[in-house]
Structures are given as C-alpha cells and as structure tokens.
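Sequences are here, hints too, so could you generate the full structure?
Number of protein chains: 2
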Amino acid sequence: MRIRLDLAYDGTDFSGWAAQPGRRTVEGEVSAALATVLRAAEPVRLTVAGRTDAGVHARGQVAHADVDPVAYAAAPGRSARTPGEAVAARLRGILPSDIVVREVSGAPPGFDARFSAIWRRYRYRICEDPARLDPLRSRDTVLVGTPLGVDVMNVASASLLGLHDFAAFCRKREGASTIRTLTAYRWDRDEDGTVVATVVADAFCHSMVRALVGAVVPVGAGRVGQEFAGAVLRAGARDPRVKVMPAHGLSLEEVGYPAVGDLAARAVEARARREAST
Amino acid sequence: MRIRLDLAYDGTDFSGWAAQPGRRTVEGEVSAALATVLRAAEPVRLTVAGRTDAGVHARGQVAHADVDPVAYAAAPGRSARTPGEAVAARLRGILPSDIVVREVSGAPPGFDARFSAIWRRYRYRICEDPARLDPLRSRDTVLVGTPLGVDVMNVASASLLGLHDFAAFCRKREGASTIRTLTAYRWDRDEDGTVVATVVADAFCHSMVRALVGAVVPVGAGRVGQEFAGAVLRAGARDPRVKVMPAHGLSLEEVGYPAVGDLAARAVEARARREAST
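The listed protein sequences derive, respectively, from chains A and B.
Residue numbering for the first sequence follows this note's numbering, starting at 1 and increasing by one per position.
Residue numbering for the second sequence follows this note's numbering, starting at 1 and increasing by one per position.
Bear in mind the hints are in silico, worked out from the structure with no lab data behind them.
Please read all numbers here as calculations on a predicted model, not as lab measurements.
No residue lacks a Cβ here, since even glycine has one placed at the ideal position from N, Cα and C.
Incorrect hints may appear among the rest.
[What the hints assert, rightly or not] Take a look, some chain A residues computed to stay more than 10 Å from chain B by CB distance:
| # | residue |
| --- | --- |
| 1 | 15 |
| 2 | 53 |
| 3 | 134 |
| 4 | 268 |
[To be verified] Chain A residues, not near chain B, derived (Cβ > 10 Å throughout):
| # | residue |
| --- | --- |
| 5 | 86 |
| 6 | 99 |
| 7 | 133 |
| 8 | 136 |
| 9 | 224 |
[Stated by the list, open to error] Interface residues of chain B toward chain A, partial, derived using beta-carbon atoms under 10 Å:
| # | residue |
| --- | --- |
| 10 | 88 |
| 11 | 92 |
| 12 | 103 |
| 13 | 130 |
As structure tokens, this is what we get:
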C-alpha cells in the first residue's frame, strides 16, 4: 500500500533531500525512521514532490512510500489512533528536531507525490540591512546589504509569468525539458521589513527558483532596468549577471494536488512530459 | 562619554547575557568586540536593560558603555559615517552571526540603559501541536503538546495586571523588592497557529516572565480554573503547580525610555526603589 507523508524541515544541517552515502540527508533520516517504525529490513524508499538542495528548507514537503500494509495497520497496537496517527507519532519520537512530521495517511488511488502534483509554492526571504536582521531568522533569511525596490521587482517578476522555456534559469540536463508554467511570482515586504518572494509553478527545474530570484534582485537594487529579467528569459541561455541566490533563503511551502479522481491521469501526463527532469 | 547599543541575539548558544569566566555570553562577546573596535586595553564594561538568562533571546535589548571619547570620535577614520555608524559597522564585522548590532549612538545626558528604562516588553511563543511546529522556529518556540484556550488564558492574565508584590513569581533575593507594575499581559494566536504572550512591566524579577507564563498555561490547558493565576499572586509564595517555563520561548522585544529630559530623574528613582534587584 502507498502512504503519504507531509513533512517540514530546517535544511541548515542537511545535504539536501536526496539520500547520499555518508551524508546527512532528509530522505536518509526519514527512510531509516520509517523502516524502524514499520520493522522493515531496509530503508523505505521515498518519492518526493520537491527534491530540495542542500540548505533549502521545507514547511510543506510531500513524499510517498510503498509499505507493507500489515506492518502499517499494526502500528497503533491497542491504541485508538489510526495507523497514520500512530506512525506519525512514532516517527516524531525517532526523528531529530530539525524534521517535523506533519501528517501520515493512506494515499488515495493513483497518488504519486511527485507526478500527481499540479503546483509547488516556494518562498524566498531577503533582509536588506544588517542592522535589521533578526538573529532568530538568519537560518532562512539572506542578507543582501542593499535597499530593494519591491514595486519594480514586481514589474520584473510579472514579465516572467506564463508558459515558457526557462532554460535561462535551469541547469541544463540532457533530455530534460525546461518548459514550465510560472503561475505566480510576487514580492512583498512583511511587517518586520523582510522582503519575501512567493513563487508558484507547475514544477521547477534544478535551482530554478534561486535563479529567478537572482534575476530580479539586481532590478530591485537598481543595477539593471526592469526589463532585465524578461530579456534573460527570452535570450534562453544562462546569463552571468544572474546569480543563483544562496540556498538558505529558500523554503518549499506547499504542494498542490488535483481532486482524488484526477490524481492518476495527472501522474501519467506529468511523467510523460517531464521524464528525467525534476 | 556614554554610548547606547541596541542589540538583538539568538540566545540558543549563549550562557545568558552576563559575562562569566569560561562561558560564551552575549556581554562577553560584545565587551570584547567593543574593546577591539575602540582599541581599549580591557573589555569594555556594559550595563544592560534586561539581564537575559541562558537560552533567552532578544530582539530589542539596550545596553550602555562608558568609553574613551577620543577613540569613539576616531572610529570613522576618513569615511563620512558618524562615529556611531562606524562603530556599529565594525562591531558587525567582528561579532558572530547570532548577535546583531542594530544601532550604536551617543547616549543623551542622564541615560542609563538599566535604570532609565520605564518598561520592558517580552514575548513568549508556544506551539500546542508537534505536527504544527515550524522546524525553523524551534529555537524560539516551546512545544507544550496540549491544546490551549487563548480566551481563558487572557482572563487569567488580566487578573495579574497592576501594581503588586510578585513574590510568588520571583526567585527570592535578600533585600530586593519584588513589587512591580505589570502593565500588559495578553495572549494571541498568530497566523500559523503559534500561541504568543506579550508581557510588559516597569521591570521584572529574575525568571518572572517564565513564571507568569507558567501560571497561565495550566489555565489554558484546563488543568486549573481561570482564578488560579490570581490566587497564586495573592498567596504571595511560590506554588509548585507553577512551572517556570523553558527559557528558549522567551525574547526581550523592546525597552521603553522616557523623554530625554526625564532620563536622569527616572534613573535616580528606579535605582533607589530597586537597588540590588534586576
């Protein structure tokens, strides 16, 4: 049977999501903990909605795993909890404090954490002034040290919206499509002055959000005009003036899925379109 | 001459504010950095508005130091910065990332960071549900693992407001007054569900905020009635049912001072009233 895991993590001390021998990764920790809870002989394989890089955080990550239904159903023992509640509680008892298990549940038919997803929402946090940095938020806030014009950043960001080939913002991978639909990209200044980007697309290529941010920050800083980001997109090639921004400002906030009846069809379609891409 | 320092820090990795031999403290770090910047032979002595305990954070701490006016005036060198801006920038270059220097300025006549202060505002953050904990806020959020009724907590908190002997919430110290004026104590649930206390008084005894929180959390959890906190206050002695809550949920947010003309008079009055107390 397939289970869905909703997770959050502080990415600071992880070498990213994906398991790697000898490295501390989120997948490695969760796989091993799940094997312990379900008494599996080997780490339980996970498939994830967003394969976050080293240092990137998540508040709304989603993964799935195919597990032994007998072990899953047996998890509550004699308690009145559902199997999902029991597995979640036991994972919380095992996992380190930088991983939070929000929920574990039986996945609906056709659910695939990666290929059923219809959108991913990321957030990027920037502090302009070293005097205003909150030391309790330095793990997920990047200091740029220059004032930013949020209005002009929003003009630049809006020029990137829609269905495009985002090759200029992606690391090239043989055979992988770089065509995506960017459905939201906006900037706000929150109550403590932090400049926050919200970025939503059907899916993202590797380091794409950090490159999209890197194309708009120079606009906000006044180093290039507001047409810069759109021009880079249309040129279709990586531009040395676009810096891939630091990982620690980035967090995967939420993943969207279609209604249960559409999960399987969405997975087939997405898999065909993006095979071998992330 | 006297300078004012506005500071913020993540208290996680400090043994509190006050310098102690062989311990990493905020005062120790700032004193040493200030001596380096001002080329003083010894660490510069600091006086602080709120002597935070080990693990307690600050977003709005205020300190003062008496420094060599020649060294202070010389800090900008040939730059156009004011001495305060120059000292702040150089402190930022020296201090570790868990201390943020918000501002350095020449203090007005009569200013004393501790005794001129007329109020201190603290914040305490609680998460009720391990599934909803934000792993990026676990450094300044305490997990209680039980649902809390914010409305009934506000009733209990309001019963503590005013001028009282807070001996029931203070660690006893010979000769030190435990009479304080609690001017605000309210609870709110923020947009991500975190339960947040705002506590304001003219001054606080040692561990008083954490004991005030500990007197109201059992009310919110339904373990005692809403009259509990007020009854403890009136009993005037520490109650074993009042747990001093963990340090890491607490942050000193802001310190209030009177208008410049009233600074010296306030310092004389406060010093007389609270001599030997913090």
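- request: Determine whether the non-interface label on residue 53 of chain A survives the test: each CB of chain B must be over 10 Å from its CB.
  value: Given a closest Cβ separation of 16 Å, the condition holds.
task: Could you check that no beta carbon of chain B comes within 10 Å of the beta carbon of residue 86 of chain A?
output: Residue 86 of chain A clear of chain B: closest Cβ-Cβ about 13 Å, beyond 10 Å.
query: Was residue 15 of chain A rightly flagged as not at the interface, with every chain B Cβ beyond 10 Å?
result: 16 Å, holds
task: Run the C-beta distances from residue 136 of chain A to all of chain B and say if the shortest one exceeds 10 Å.
output: It is violated; residue 136 of chain A is separated from chain B by about 5 Å at its closest Cβ, not greater than 10 Å.
Non-interface label on residue 99 of chain A, tested against every C-beta of chain B at 10 Å: Check fails; 7 Å does not lie beyond 10 Å.
message: Interface hint check: residue 103 of chain B, Cβ to nearest Cβ on chain A, cutoff 10 Å. Holds or violated?
response: 6 Å, holds
message: Just want to verify: residue 224 of chain A was marked as not at the interface with chain B; is every Cβ pair farther apart than 10 Å?
response: 27 Å, holds
query: Looking at residue 268 of chain A again, its CB stays over 10 Å from all of chain B?
result: Non-interface label on residue 268 of chain A holds, nearest chain B Cβ at 32 Å vs cutoff 10 Å.
Residue 88 of chain B as an interface hint toward chain A, with CB separation required under 10 Å: 7 Å, holds
task: Would you check whether residue 92 of chain B satisfies its interface hint, that is, whether its CB is within less than 10 Å of any CB in chain A?
output: For residue 92 of chain B, the interface hint holds, since the closest Cβ of chain A sits about 5 Å away, which is under 10 Å.
- request: With 10 Å as the threshold, tell me whether residue 134 of chain A passes as away from chain B on beta-carbon distances.
  value: With a cut-off of 10 Å, residue 134 of chain A comes too close to chain B, as the shortest Cβ separation is near 6 Å.
query: Regarding the hint that residue 130 of chain B lies at the interface with chain A, is the smallest CB-CB distance below 10 Å?
result: At 5 Å from the nearest chain A Cβ, residue 130 of chain B passes the 10 Å test, so the hint holds.
Going down the numbered hints, you'll see the structure goes against 3, 6, 7 and 8, while the others check out.
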